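K.L.:
Here the protein sequences line up with chains A and B, keeping their order. Residue numbering for the first sequence follows my numbering, starting at 146 and increasing by one per position. Residue numbering for the second sequence follows my numbering, starting at 47 and increasing by one per position.
Because the hints were derived from the structure by calculation, they are not lab data. Do not rely on the hints blindly, as some may be mistaken.
To be verified - Quick list of in silico lysine-lysine cross-link-like pairs, DSS-like style, CA-CA up to 27 Å:
#1 K205/A with K361/B
#2 K242/B with K205/A
#3 K249/A with K325/A
#4 K249/A with K335/A
#5 K244/B with K205/A
#6 K361/B with K297/B
#7 K297/B with K273/B
#8 K335/A with K205/A
#9 K242/B with K305/B
Claimed, not checked - What the simulated footprint calls covered on chain A by chain B, stretch by stretch (three residues with Cβ under 8 Å from a Cβ of chain B suffice, anywhere in the stretch; the number is not a length):
#10 375-383
#11 423-436
#12 455-464
#13 477-488
#14 522-536
Said to hold, decoys possible - Derived, one-sided and incomplete: chain A residues facing chain B with beta-carbon distance under 8 Å:
#15 N153
#16 A259
#17 F270
#18 L573
Here the structure is a predicted model, which means the values were calculated and not measured. Note that the Cβ used here is the ideal one computed from N, Cα and C, for glycine as well.
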Amino acid sequence: METLSERNYLNEPRGWKSWIFTLDHKRIGVMYLIAIMASFLLGGVFAMLIRMELLHFGGKHLMGAQTYNQVFTLHGAIMIFLFIIPSIPAALGNFVLPQMLGAKDVAFPRLNLASFYIYVFGALFAVYSMSTGAVDTGWTFYTPYSTTTNTSVISMTLGVLILGFSSIFTGINFIVTVHKLRLPGMTWYKMPLFVWSLYATAIIQVLATPILGITLILLMLERTFGIGIFDPAMGGDPVLYQHFFWFYSHPAVYIMILPAMGIISELIPVFSRRKIFGYKAIAFSSLAIAFVSFLVWGHHMFVSGQSQYAAMIFSFLTFLVAIPSGIKIFNWLATLYKGSISLAVPMLYSLSFLFLFTIGGLTGMFLGALATDVHLHDTYFVVAHFHYVMMGGTVMAFLGGLHYWWPKIWGRMYSEFWARISAVLVFLGFNITFFTQFILGAKGMPRRYYNYLDQYQPLHAYSTYGSWILALGFIIMAVYLIHSLVKGRRAPDNPWQSLGLEWTNSSPPPPENFTVTPKLTHGPYDYDKIVSGDSTG
Amino acid sequence: MILDTTGSLFLPPGHSTFSGEVDSLFNFILYASAVFLAIVVFGIIFFVLRYRRRPKEGVVTGPTHSTALEIIWSVIPTILVIIVFFWGFRLYLKMSIPPKDALEIKVTGQKWFWTFDYPNGANTLNELVVPVGKPVKLLMSSRDVIHGFYIPDFRIKMDVVPNRYTITWFEAVQTGVFNIFCTQYCGKGHSEMIAKVKVLGEREYNDWLISGTKAGEGMSLEDFGAKLYVSRACVTCHSVDGTANVGPSLKMIFGHQVKLADGSSVSADENYIRESILNPQARIVAGYQSVMPTFQGILNDRELDALIAYIKSLK
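Chain B extracted, bound-state conformation (with noise of 0.2 Å):
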């Protein structure tokens, strides 16, 4: 459907403090451009009916300078463009510069996931947690290539650069679940690279803070390690179902023999896939390419465990 029932033709509805602001601004060039255009367009049809050549036309005359004309045509833009430029770029600082009480979340960006780190320890993959109501500082940096961190309902996006931080910030005003997108493109998961903002109430989140921490208690290992291989983004690279992606899927591979890309090869058990997910480049499976990032220090032994329980039910 080209409308959407919940935003306006063209924008998707928002969810931060600026989100309105920006759309305002949006739409007022959208109107400017829509009287331009008909301008243009009317001047066309009307022209083009009104002077239709017929036969056997004489010397065609009209006017070829108007002062007047071309001073009224200049200005009238200036005039305009110089509105949206004030405007946009009020706004901008607006969105650029964070209030000094905002809570600050470390955002790494790597091929192909992201990575929040909280101010009491806890972290998440692909899944930013924050209280609503709250304005939210993202100090942001990447292991790799540039990514770009974009929330299209917040009306954010910045740049995430290897060597160097950046900063964006937003204050979400309503519960919920939001999308966020790589916007720079960073290879072949740039597209898999697709993360959710959760915004809870301030007790929730406060809630989740605290158990942020003991995340899978009170459940199987091979449950939690279902969790964690969506959570920590296992998923963008390897699938269950036996399609190969960018790394080899998961599917039937406990206990099998892998082929490894110097030619020997390994009996996937515990340990060959602890070390896969430990040491990455140690042992490579033939036929991919060396790209998958350590995962030590992001996951703790549990977590291991539980994602081997849970390959190991992957028959």
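Isolated chain A, as found in the complex (with noise of 0.2 Å):
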């Protein structure tokens, strides 16, 4: 076995105080991964218990319907609070943005230090209100349940206020480090696709995040002492808290996509060795999203008895989105045009998520017209829709950025074999479990049910098969990844000729990102200017 014997960010400074104390991003970085990688593993066995309890093999069922509906929220809230939220930003956002922008650090590295700590401590709350008897309101929280149900809605969502500060300081940290330092020399222009959405994202993590805090501490004083702005026994209005949490949610499904969004154009053009065409329109479609992002909500309550009128203007804004999404994916397409197409893991998982994405997308259609919505609202259709959009689309994202990035982390490569075969059985499993949703959906069945009618048996059965190969590939993922940590081959320092300002360092970095001041020479996807001689994949 080889050793990493020069100095990295990971052998200096030495002892567990260097860790838990550091102001790295990386290294702040790298103790996201472990954490968001804690939780998706948390939130993953609890949806294979959904799965198992929803198969009714023989009638027979795993759990009570208490138990059940527990699972579910938590499933919920641990997925979106405590993994998708902060997957690619808080963990590779993290480690990576510095140094494509040529930085040492991010702008604050106390307040990024601080927002992981606030963080773990709001997981920490989160994971409490399990063992204090759990949350059966489902992730959404929606009143007035949530204000009556006799389960611990306090500690769960006090969890998810603390999480939402450790989200706003992450923003906070990465807008003011893309303001103040760049490179001398990178204009808007020239910097990295990831980077814009990561900017993106930042901008709706400030301004979003704070309206869940608030329609938290309102949820939480209503439950407590009954101030009555939800409950209609007192003059308030229960359906005025899905405008609220709509108002936050709904940007936040675009906190969980951009960066996703971002890491595909990172990759696509690295192992296509292709300019990204129209860069700019993916840069500027990030924008358009966040903004547009900020005025849809309401097409989550097309069924809640808003006014048609409402309906109406929530469904044509969107429609809008649905505008920069498509260019985006048209973009990528055409970026593998003449390229010189590598099927590298990290390649797999990009074009999964051009397939999964485009699914997800466009079953939004389905959605976001009034006709149809009323017939798919709140149904499996719904499920399978957004499972495409967020683990179709920002999951596979992240495990593309994870494999691309997981030799500049750790300095070691993984089995490409294994990491293969993984993918495939993802891809296949993932297709398996929620593309039978949709016609589950579509044919009525309606979401969050314990039971259902005999009819929709066969179709929940091939869902659970679907889950285990599904999960068997995380399985295999998480044994080649750690076998790779312990056995792994030493990786070049740019494994996969990327032109990326993160790769002109070594692999892993040293702890002040550069040993000496990059020179910008060429754009970061400028691979029509320079002599390839590679062989990769």
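Take each chain as given, in its own frame, and dock them per the hints.
P.N.:
Okay, here's the thing in structure tokens:
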């Protein structure tokens, strides 16, 4: 086994204290990575329990109705608040953003460390609520159910409130870092597209997250003191909560997907050795999506009793989001044209993303159109749709990015063979699990059901079998990634021959990122300007 | 079976006046999506095969920008989504505004059953009875949390909210029995909140309306009670086979001592059962939450007698 002898951020400084008090964005990124992977594992275990229960094989139940309601609530809350929202920005973004800008660190290293500990603190509150009777409201905490159920809603929402601060701090840090710490000569149009997307994301994080905080505080006050803002018996409006909640949570969907789009915009040029097609269109479509994301929340409420006029406006604005998203997909596709395409594992995940996110986006049309949404709302069609967007989109991009930057983070290579097997299993398992749910939903199967009519059993069974394939893919991934840390081949500094600035230093990078100040000789995707002689993939 | 023999791959058969129109829009989006997805999939496969990386490859150049192309792929989707938007909106308006002459039925949702009140004073639980070929307007409200009223076969859905009325309507095009689901998560019994809509011919409907208030005639009390146990939604929370559900099972409780939440116990006689139906919070059985709604004003004396007779029979 080769050892990493030269000095790098992993081995210098030494000692556990140097890690927990570190101000190095790379170490904070790594700690975030470990924390969110643990959250993903926990959320994944709950997902498997849900699917096992819904198998209903021979009419058998795995758990009672109350437990089931708690399990799907925890699955949703953990995956959204503890995993997907922080996954790309806080873990991968933290690690690479300053390096992509040629900077030594983020603008506020102490704030960065604080945001990590706030995340851990919030996560502990959320996990604590499980041990005190869990929560059975669904991850959206809709009133008046959430103000009347006797489960531990307060500690869960308090956890989410705290997590919100972590998200805001990361956002502020990234905005200032992008404005202030770019390498001299790196104009806005020379920034990597991942940076653009993290920037657009950070704007949403800073502007939208406080609304969630306020909403959750109102919910806690309502529950504790009965202030009557949502309680109809006291003149409150139970639907008002939904407006507040989605005013944050719809933009939050873009907090989840924009960074994913950024990663895809990095990976496709590298593994096609092609300059990205339509750089400015991609950059501006990120900002356009961030802007429009604030104006579409009402599309979650087409059947809530809101006025038809409001429904019309929200439906129209929702369709506007389709356009920049479509533009991005065509741009990525066009980047493949006349490329030199390597099917290395990050590229497999990028192509998975293209396919799954396209389905996720297109099925959004069924839900954005008012008349069809009436039939599909709150059914498994919606469940399938957002899993295609969030898991097929964000998680695939996260995995692509994780495999792409893995050698940069650890200085080691994983097994390409097992990684490909795992990627194929994840892709197949995902589609079997969730495509089935489009059919289930269109046929009328409502979501959040512990029991269901027999006519839906076969499709539920297919979905559960798919989840086993998916889980197998993830287990293999965990094994080869952990194996690579111990016995992995020593990674070259730039295994993918990428032009990204983060690959100009050593892998793993030195503590100060760059031993000599990097010079900007070309744009991030100028593969046409350099002579290549590689044979990767 | 993935392929249902009665419907399309995706949708169940439709049985209301606008289900066909909703399905047309659904299918239009489906076909448009299929074309779009095919372009992406074909593009990926073709490019990956055609431009696979070969060893010792030189500089790769290709177009990095094409105004014409970018306009085309912005404008075509824009036109498409505008068509879908207007189509969806027009149909939604039609689905939202009931005709003036519609038959009005009051729907009440509560944990975890539906009550339907008809213009002549009749009421049913978990079974909505409507005439075929006549528009039916549903005026809906909830007694506790938000519920969702959904009839997949009619393609209608509307949330049912406490302290306000929401409206939906439909016109069934054929007789039959169809499912009603609750689609807004409402707690432990959410998935048990399944009701039926029974579409009758106009004559049968009128006959039913007249006899509806005199249900149970010519049946023994015990049989009538068994029927009420299902139709009045007791079945949602109380099993008759001994399994504990949201509420205690009714099997073999009559005449036995029941342990109460306050530590005392009571003999489950006629008076206790009657009290538990009319004033459920009075004496809660140990180990259960106090969530049962009152049936005061919903069940008449004969119905209460019948239910007690039925519970007595559960040995």
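K.L.:
When the structure is checked against the list of hints, which entries are broken? Sort them ascending.
P.N.:
When the structure is compared with the hints, numbers 5, 8, 9, 15, 16, 17, 18 turn out to be violated.
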